[in-house]
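Following the hints, position chain X against chain G.
Line order of the protein sequences matches chains G and X.
Be aware that the first sequence starts at 1, since it is given in the working numbering, and climbs by one per residue.
Be aware that the second sequence starts at 1, since it is given in the working numbering, and climbs by one per residue.
Check each hint, because a few of them may be wrong.
Straight-line alpha carbon distances no greater than 25 Å define the calculated SDA-like cross-link-like pairs of lysine to any residue that follow [what the hints assert, rightly or not]: (1) G:Lys-47 - G:Gln-161; (2) G:Lys-125 - X:Ala-102; (3) G:Lys-125 - X:Trp-44; (4) G:Lys-47 - X:Leu-92; (5) X:Lys-104 - G:Glu-124; (6) G:Lys-47 - X:Gly-93; (7) G:Lys-135 - G:Thr-69; (8) X:Lys-104 - X:Gly-37; (9) G:Lys-125 - G:Ala-148; (10) G:Lys-47 - X:Gln-91; (11) X:Lys-104 - G:Thr-69; (12) G:Lys-125 - X:Val-49; (13) X:Lys-104 - X:Thr-68; (14) G:Lys-125 - X:Met-94; (15) G:Lys-125 - X:Leu-26; (16) G:Lys-135 - X:Leu-52; (17) G:Lys-125 - X:Ile-29; (18) X:Lys-104 - X:Leu-26; (19) X:Lys-104 - X:Met-1; (20) G:Lys-125 - X:Pro-50; (21) X:Lys-104 - G:Glu-147; (22) G:Lys-47 - G:Asp-61; (23) G:Lys-135 - G:Gly-119; (24) G:Lys-125 - X:Tyr-43; (25) G:Lys-125 - X:Thr-22; (26) X:Lys-104 - X:Ile-29.
In short, the hints are calculated from the structure, not lab data.
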Amino acid sequence: MSTHRRGVLKALALVAVLVTAILAGCTSGTADEGAAGLQLPNEPDYKGYLDNTDNYDYTHDMRGQEAVTIEVGSKGNMGDYGFGPAAVAVSPGTTVTWVWTGSGGTHNVVADEGTFNSGPPVAEKGTTFEYTFDKPGVYRYACEPHEAMGMKGAIFVTPDQSGGPSSGAGAESGDSSGSESIEYSVNRHLELGHRLG
Amino acid sequence: MNAVTYVRQNTIALRPTLDSMTGARLAAIALATITGGVHLYLYWTQSFVPFLLAGIGFLTMAALVPTTFDHRLLYLGGIPFTAMQVVAWIQLGMPDFQLGVADKTVQLLLICLLGYLYVSERRNEATARVDVETPEPKGAIR
Numbered sequence: 001m002s003t004h005r006r007g008v009l010k011a012l013a014l015v016a017v018l019v020t021a022i023l024a025g026c027t028s029g030t031a032d033e034g035a036a037g038l039q040l041p042n043e044p045d046y047k048g049y050l051d052n053t054d055n056y057d058y059t060h061d062m063r064g065q066e067a068v069t070i071e072v073g074s075k076g077n078m079g080d081y082g083f084g085p086a087a088v089a090v091s092p093g094t095t096v097t098w099v100w101t102g103s104g105g106t107h108n109v110v111a112d113e114g115t116f117n118s119g120p121p122v123a124e125k126g127t128t129f130e131y132t133f134d135k136p137g138v139y140r141y142a143c144e145p146h147e148a149m150g151m152k153g154a155i156f157v158t159p160d161q162s163g164g165p166s167s168g169a170g171a172e173s174g175d176s177s178g179s180e181s182i183e184y185s186v187n188r189h190l191e192l193g194h195r196l197g
Numbered sequence: 001m002n003a004v005t006y007v008r009q010n011t012i013a014l015r016p017t018l019d020s021m022t023g024a025r026l027a028a029i030a031l032a033t034i035t036g037g038v039h040l041y042l043y044w045t046q047s048f049v050p051f052l053l054a055g056i057g058f059l060t061m062a063a064l065v066p067t068t069f070d071h072r073l074l075y076l077g078g079i080p081f082t083a084m085q086v087v088a089w090i091q092l093g094m095p096d097f098q099l100g101v102a103d104k105t106v107q108l109l110l111i112c113l114l115g116y117l118y119v120s121e122r123r124n125e126a127t128a129r130v131d132v133e134t135p136e137p138k139g140a141i142r
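Next comes chain G alone, as it looks inside the complex (with noise of 0.2 Å):
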């Protein structure tokens, strides 16, 4: 008995050492989707947000652009769970667009303080969401379905064209209370009748 039980743990052990060996080698190569845009000289402080969220590389600067695309399901997080690129720093008055790839199951964009929400998740490819970024602020949001698995993302808007985030300028409040003057809109490609019925 005593033979069979210590084959039957060697076996298991084998099983668990090739499981592992196989999850090392796939999650090593997780794609760097969105190249557009250079790093900033200084990163802004995420307050660690970001910490679990293996596709932020750097906060991809696209200062001085009118409108901007961020991809909704971009390889990511083991799978197809990032936003690409996970961070951005853009201009104020930037339009922020973003579109789902289709992959990863339903998205959403919602932003931690309440700024911009696209509403319940969906998957159909093709689905976009935008929203216009007026205020100077750190923007943090998540996909809300995949957020323990690290979908995050975060908008730096800054009106510095220069350097990096400037110290003590108010940029990392996020404080979005005077929504008022901010557009904000949803489209999305498919009818909501369709979608439900």
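Quick look at chain X alone, frame taken from chain G:
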């Protein structure tokens, strides 16, 4: 039985058999196939490697039922393997909620069924063993 014989019996010497196929075993095959299929579909659409491993695991489990594989190991291994899936789904924030609820219902049923199979088949084995060990006293009196 030594370890080498045991491993051999459950690997290269494995052969298909329908000898003790019961309704409960068929139901276990069906449930494991459903949840295995769901996980392969999820891997197909979401590229999340644990989905692939879970899918392969459940389909392997289903495929091993109609074989000479050690069913006690299959049931005792299958219960924590399946329970782990339920826990992982909750810990990951219950993504794909509707499909998730349906899939976890299937998995909880599978856990109950594996438990039932383990207990009932062990009881049957014990009964069979008693029958073999105490045969009718044939030819005792000449």
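Practice task
Please write out, lowest number first, the hints stated earlier that are contradicted by the structure.
Solution key: Structure breaks hints 11, 13, 15, 16, 17, 19 and 25.
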